[in-house]
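Asker: Each chain, written out:
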Amino acid sequence: LAKTTQPISMDSYEGQEVNITCSHNNIATNDYITWYQQFPSQGPRFIIQGYKTKVTNEVASLFIPADRKSSTLSLPRVSLSDTAVYYCLVGDPFMDSNYQLIWGAGTKLIIKP
Amino acid sequence: EAQVTQNPRYLITVTGKKLTVTCSQNMNHEYMSWYRQDPGLGLRQIYYSMNVEVTDKGDVPEGYKVSRKEKRNFPLILESPSPNQTSLYFCASRTANTGELFFGEGSRLTVL
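Sequence order for the protein chains is P and A.
Quick note on numbering: the first sequence equals residues 1 to 113 in our numbering.
Quick note on numbering: the second sequence equals residues 1 to 112 in our numbering.
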């Protein structure tokens with residue numbers, strides 16, 4: 001199982017772009033990188049998933065360099081409602097029948113007015 | 001609306017009194033799983049199920065039981081709850097061919 005390392009906390013301001021970087025040095029060939037968002041006392045919510053290069057959806061972008069040992073979640077023009085904990089996870093959802101993931105402490109993102 | 005529904009959302013009980021936390025999903029997902037979340041420890045997997053009648057232990061299965069008699073339901077059973085099972089519990093589901101987990105709203109359990 002691949003473990004990830006991400007900052008414990010980050011602060012930013014409304015309207016800014018926020019980048020959260022995650023390190024996953026022992027990522028396996030078949031592993032995908034997935035980011036989740038969690039608000040207090042709610043279940044995590046899927047944000048984005050990628051394997052390499054860049055993935056973009058309506059809420060975020062995910063940048064993955066060629067060596068795949070790290071990844072960066074980019075949140076454009078954040079608002080107060082983006083204040084949450086963000087988790088970076090790696091795992092193989094296709095070959096690993098359990099899709100076992102290691103959930104660390106995540107990054108607590110605080111957006112200020 | 002696609003969702004994973006857990007009940008109860010909040011429960012206070014006493015040591016040794018059997019309880020069941022229900023989980024139901026309406027997305028026809030094959031895979032379902034239970035997690036517990038404790039401060040400083042992240043989410044830890046309790047049990048998972050790949051399909052009907054197929055269940056297996058996760059990382060912290062002691063003190064818990066599950067069953068999967070129907071595709072949509074995956075109840076978590078605490079036969080004899082103890083205070084160390086006080087936690088926030090989440091049920092999740094996904095299809096077999098994606099990595100997107102859908103989580104329920106959580107069930108906060110307190111065992112006195």
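By construction, these hints were calculated from the structure, which means they are not laboratory data.
As the structure is a computational prediction, the values presented were derived from the model and not from experiment.
For glycine and all other residues, C-beta sits at the position ideal for the given N, C-alpha and C.
Hints are not guaranteed to be accurate.
One side only, chain P facing chain A, incomplete, derived with CB under 10 Å [said to hold, decoys possible]: (1) P65; (2) S70; (3) L101; (4) G106.
Asker: Determine for every hint whether it applies to the structure shown.
Answerer: Now the hints, each set against the structure:
no.	hint	result
1	P65	violated, 20 Å
2	S70	violated, 19 Å
3	L101	holds, 8 Å
4	G106	holds, 8 Å
Checked against the numbered hints above, the structure violates hints 1, 2; every other hint is satisfied.
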